[in-house]
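Top line first, the protein sequences correspond to chains A and B. Quick note: the first sequence, position 264, residue 264 per the working numbering, numbers continuous. Quick note: the second sequence, position 7, residue 7 per the working numbering, numbers continuous.
Quick caveat, the hints were computed from the structure, so don't treat them as lab data. Predicted, not measured: the structure shown is a model, and the values here were computed from it. Take the hints with a grain of salt, since some may be wrong.
Note that the list lumps identical chains together, so a pair holds whenever it fits in one copy or between two copies.
To be verified - Taking lysine-lysine pairs in the DSSO-like style, the calculated list, with each CA pair at most 27 Å apart, reads: (1) Lys50 with Lys197; (2) Lys146 with Lys197; (3) Lys70 with Lys219; (4) Lys251 with Lys77.
The lines below spell out each chain.
Protein chains: 2
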Amino acid sequence: MNQVIGSQSISFGVSPYLISSGSVVGSKESEGPLAKLFDMASQDDLFGAKTWEEAESNMQKEACILALGKAHIPPEKVRYLFGGDLLRQGIATSMGIEALQIPMFGLFGACSTSGEALALGAMCVAAGYGDYMLAVTSSHFGSAEKEFRFPLGYASQRPLSAHWTVTGSGAFLVGTEKSHIRISGVTIGKIVDYGLKDSQNMGACMAPAAVDTIMQNFKDFGRKAEDYDRIVTGDLGYVGQDILFDLIKKKGSDIRTMHLDCGMTIFDQKTQDTHAGGSGCGCAAVTLAAYVLPKIKKGEWKRVLFVPTGALMSTVSFNEGASVPGIAHAIVLEHC
Amino acid sequence: MNQVIGSQSISFGVSPYLISSGSVVGSKESEGPLAKLFDMASQDDLFGAKTWEEAESNMQKEACILALGKAHIPPEKVRYLFGGDLLRQGIATSMGIEALQIPMFGLFGACSTSGEALALGAMCVAAGYGDYMLAVTSSHFGSAEKEFRFPLGYASQRPLSAHWTVTGSGAFLVGTEKSHIRISGVTIGKIVDYGLKDSQNMGACMAPAAVDTIMQNFKDFGRKAEDYDRIVTGDLGYVGQDILFDLIKKKGSDIRTMHLDCGMTIFDQKTQDTHAGGSGCGCAAVTLAAYVLPKIKKGEWKRVLFVPTGALMSTVSFNEGASVPGIAHAIVLEHC
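Isolated chain A (complex conformation) (with noise of 0.2 Å):
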């Protein structure tokens, strides 16, 4: 039986399984720490294609097709897909999952997409809505720089507390059908606006976001910090953890000892010239689908509390100087 907990959470009865993934990234991450994990790295960043638009839209159908791939699965046996990129009107996942035909939910979260792509499957299979759901995100450096930076600055600095956008994609298959990946509760995200004005600091945006979702988890679960092996925020990168860990503090709890940001770990800061680290929809989830869940998998990590975060604005908002306010979704992962 499916329990509707505390104010924001779902904890499912029968939890649905994170069944396969799958990995596209472009040349950059293929040259970062997680050089060797990723399902599939390409050297052209275009992906074939004419545009950075449609090579993002690539990534997408790739990644969808390997995760599927990887169960057997066929498209025409998943009943929803969801997902969504960072792209005016998401043009990236309409094109992208287009020869698919799933019939699809599209959702824009901004970075915080995979987790609110993973929650709506989880609680579509939990509800007996289909056997198999999809969800998917995307980002490419090409295109969001296009997207949020036009026309770009000459020979401009970006301030060290800026993010490079992560060039991939992350496709994750939930359903019925048992592997060794739980899908056992979620957490939906509140806006929360602090404030900050600064989208070139992202990390201290999307922060106090992260803070509110974690501690509504540890509530509403009635859970601790030490209760999970691993806390995984997107794309706060080493500003953003700095934030994070000060804030959660205040509130009482500690999780410097078991986090891990998916934006410090897909590039070596030192050498890769990435300053704050990596961000985008795609951060989050090739790291998890590459990095986070093989550990899972092997039953190395038991428990891991996914938060990924998103920075809610555009560049209309942010000339016009509103806010940038953020927003995390958590999905409890745990091994079975």
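We have chain A; now place chain B onto it with these hints.
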């Protein structure tokens, strides 16, 4: 017991109720045929704000507050909110519903978003994930022109196939509390792409998706056109309606006698210079809230299929020569 039926639909065991709705529109809408039916009409299209985007956010907040107020439900009783709009990175929604502090899922389904949000809200209530869910969408003529057609051409004529984006927001409270309208089932749409590339002819781009979802609904539920008192599309307009009728006829069905298009209903084509009709997320949402739901409530219409359609495109995908695929989600509304 909820039933997963056919390949894309769900029939709810204990159907969630559509408890209340809120509709907020701008000045042009308040001069149209439905003028007196909206909950709130502003003569100031800026809704007291300084930008079109903020104006749209204000509408969303007001629509939510109206829907909640009518049902005497405070925001903290709403478990999850499902919302989206047409703007890049969905900022109208993020900024609009922030103050409500309801855990939220951001959506993007272009003008099909009201269907997507109602579907997910109903699915969550039927799954027992909460007693109240809120679904909200919006569009604004000013923010949409800026998003999709900026810089505006000097005195260039709009083709007759072009739509007029509705300034409006509709919010819907879905839950377990008894009302006279039930959501008895949903059919989730696939992306349908006929390869059309004319963003000034959205009706043609979206009609094939409406056909696909309507025929799938008939098939999954074992129904025919006559089983519905009305089949309500979102914003196919005059051009799209012709295509809809032709394509449905080719599939052996005829919906001419019970079809209603929100885009053709909200404006007076002869006097309001709106060409193919109204469009935007807000078009279907406010027409549903102000015109369709009261008729179901009174029992004038016993069973209605609400099928908002979305055109999946951005200025980037359009400028890159990509086609404009469509998607449509269907919601079965019944008098009770």
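Each hint tested on the structure:
no.	hint	in the structure
1	Lys50 with Lys197	between (34 Å within a copy, 18 Å between copies)
2	Lys146 with Lys197	both (20 Å within a copy, 22 Å between copies)
3	Lys70 with Lys219	neither (36 Å within a copy, 32 Å between copies)
4	Lys251 with Lys77	between (45 Å within a copy, 25 Å between copies)
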